Structures are given as structure tokens and as C-alpha cells.
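Kindly generate the complete structure, drawing on both the sequences and the hints.
First residue of the sequence shown? That's 32 in my numbering, and the numbers climb one at a time after it.
To be clear, the hints were calculated from the coordinates, so they are not data collected in a lab.
Please read these numbers as outputs of a predicted model, since none were measured by experiment.
By construction, the Cβ of each residue, glycine as well, lies at the ideal position given by its N, Cα and C atoms.
Honestly, I wouldn't trust all of these hints.
The calculated PhoX-like cross-link candidates involving lysine-lysine, where the alpha carbons are at most 25 Å apart (straight line), are [claimed, not checked]:
#1 K45 <-> K56
#2 K50 <-> K39
#3 K38 <-> K50
#4 K50 <-> K64
Okay, the calculated beta carbon distance ranges per label pair [said to hold, decoys possible]:
#5 F46 <-> N86: 54 to 64 Å
#6 W59 <-> L85: 35 to 45 Å
#7 Y72 <-> H48: 29 to 39 Å
#8 K64 <-> E44: 28 to 38 Å
#9 T58 <-> S82: 29 to 39 Å
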Amino acid sequence: MSRDISKKIEQYEKFLHDKLEVDLKQTWDLREKIYEEISDYHLFQVYEAISEILNLEKGEEANK
32 MSRDISKKIE QYEKFLHDKL EVDLKQTWDL REKIYEEISD YHLFQVYEAI
82 SEILNLEKGE EANK
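Here you go:
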């Protein structure tokens, strides 16, 4: 019986290492890519907002 338990534990550890760790790494890499895209999008939004403010200020100065 002890041998069966040891074998099951070994199989489970192999499954964890061979399958789940690989899946976790792939998922983690995709998550990082998505976070990077979100960060880039937020940066673009800030850039657009600043550009719009600067354009409005230029328009106000031209009207003076």
C-alpha cells in the first residue's frame, strides 16, 4: 500500500511539473503581455489628453 501511495505521489508531482508548470508559465506570459498592452493604452490616453489641453491653450492664446 505504501508503494502505491509513493507511486501516486510521484505521478502527481510529474503531472505538476510537466503540465501545470508549463500551463502556468504560458498563462503568466499572456497576462504580462495583456498588462503591457493596457499600460501602453493608458499612456496613449494620457498623451492624447495632454495634447488636447495644449491645443486648447494654444487656441486661447491665439484669441487674445
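Hints violated by the structure (numbers, ascending): none
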